[in-house]
Amino acid sequence: MPARALLPRRMGHRTLASAPTLWASIPCPRSELRLDLVLPSGQSFRWREQSPAHWSGVLADQVWTLTQTEEQLHCTVYRGDKSQPGRPTPDELEAVRKYFQLDVTLAQLYHHWGSVDSHFQEVAQKFQGVRLLRQDPIECLFSFICSSNNNIARITGMVERLCQAFGPRLIQLDDVTYHGFPSLQALAGPEVEAHLRKLGLGYRARYVSASARAILEEQDGLAWLQQLREASYEEAHKALCTLPGVGTKGLLGNAFDGHQLLRPFIFCQDHLREGEELEPQLPSSLSSIPHGFCDHYWTRDVDDPFLVTHLSPGSRGVVSPLATVIGHVMQARFLAL
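Going by full-length UniProt numbering, the first residue of the sequence shown is number 1, and it counts up by one from there.
It is worth saying that the hints were derived from the structure and are not from the lab.
Fair warning: this is a prediction, and the values are worked out from it, not measured in the lab.
Any given hint might turn out to be false.
The calculated label-pair distances, taken between Cβ atoms and stated as ranges, are [claimed, not checked]:
no., residue 1, residue 2, range
1, Glu217, Thr69, 45 to 51 angstroms
2, Thr177, Glu70, 32 to 38 angstroms
3, Glu122, Gln164, 38 to 44 angstroms
4, Gly200, Gly80, 25 to 31 angstroms
5, Val176, Arg97, 22 to 28 angstroms
6, Gln108, Asp61, 31 to 37 angstroms
Using N, Cα and C, we set each Cβ at its ideal position, and we do this for glycine too.
From just these sequences and the hints, can you work out the full model?
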């Protein structure tokens with residue numbers, strides 16, 4: 001009887017226990033990062049808990065699974081080339097560190113914020129390890145265009161369908177096929193808007209394709225987005241609000257350039273205290289924020305010339321409002337002040 005042909009074995013999602021030799025770790029206590037609070041919080045929409053406490057998603061055009069113990073962040077990366085299944089390299093791990101902005105020490109910031117706000121001090125113990133992600137600017141921009149008048153569950157579906165339709169296929173794990181985020185060129189095509197409407201993006205479909213074309217045709221493509229990281233707040237805000245779907249979403253320009261574009265400073269929500277709903281009365285320009293507010297949420301622990309120039313003359317540091325520690329429970333916009 002002829003031998004049955006062997007089918008190639010499908011790669012599956014790993015767990016730390018199932019394949020420990022394929023994982024590498026980064027020293028990072030839970031007080032500095034809580035994956036379960038940060039990844040599903042509405043900053044990124046591409047991470048899934050595929051196994052208990054194991055989060056899988058796309059980072060730097062590679063598929064990762066992340067998990068953590070009390071003092072370590074454990075990472076494994078899936079490579080399409082099955083001949084190279086080794087542990088993440090130091091360069092690959094550095095991409096993870098930058099994504100979570102692990103060079104910013106939350107313990108020092110929490111201590112300072114607690115010293116100037118008694119309510120922060122009370123709730124901070126419940127929500128330690130909440131921090132901002134530093135995402136790819138293209139993913140950040142177009143995810144936020146999808147977020148207009150939307151909620152986290154629907155945004156997640158829209159972003160995933162957008163990636164499946166226009167992003168490069170990376171790898172299949174179990175029954176899940178992962179795609180990279182689409183390029184500007186892919187989103188600027190003539191049939192993109194119609195296709196995205198069929199995928200349920202509604203009026204946002206026009207903003208996605210029009211913004212991609214505007215960046216490519218009227219600006220300098222990806223380089224233009226990246227250089228906004230070094231621009232002043234006013235310059236970045238003004239530039240972003242010229243894009244279709246950004247300026248029309250009120251403070252979305254603030255959300256984008258502050259939320260990931262890309263410095264570890266304020267993000268604020270419609271809700272500022274647990275169980276307390278407030279109508280957002282936020283200024284459209286950073287210059288109109290009372291200096292007292294910036295001084296109240298100021299720390300000198302991090303040297304950032306941008307913040308020195310635009311938030312507290314003569315001071316150095318990173319600022320955050322109370323909402324930093326409770327933002328993950330709110331289905332609200334990330335608004336940079």
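Taking 31 to 37 angstroms as the stated bounds, is the beta-carbon spacing between Gln108 and Asp61 within them? holds (33 angstroms)
If I claimed the Cβ atoms of Glu217 and Thr69 lie 45 to 51 angstroms apart, would that claim hold in this structure? Because 49 angstroms falls inside the window, the suggested range holds.
Tell me if the beta carbons of Gly200 and Gly80 are separated by a distance inside 25 to 31 angstroms. About 29 angstroms separates the Cβ atoms of Gly200 and Gly80, which means 25 to 31 angstroms holds.
Has the hinted range 38 to 44 angstroms been met by the Cβ atoms of Glu122 and Gln164? Given about 43 angstroms between the Cβ atoms, the range holds.
Consistency of beta-carbon spacing, Arg97 to Val176, with hint 22 to 28 angstroms: holds (25 angstroms)
Can you let me know if the beta-carbon spacing of Thr177 and Glu70 is within 32 to 38 angstroms? holds (33 angstroms)
The earlier numbered hints are all upheld by this structure, with none contradicted.
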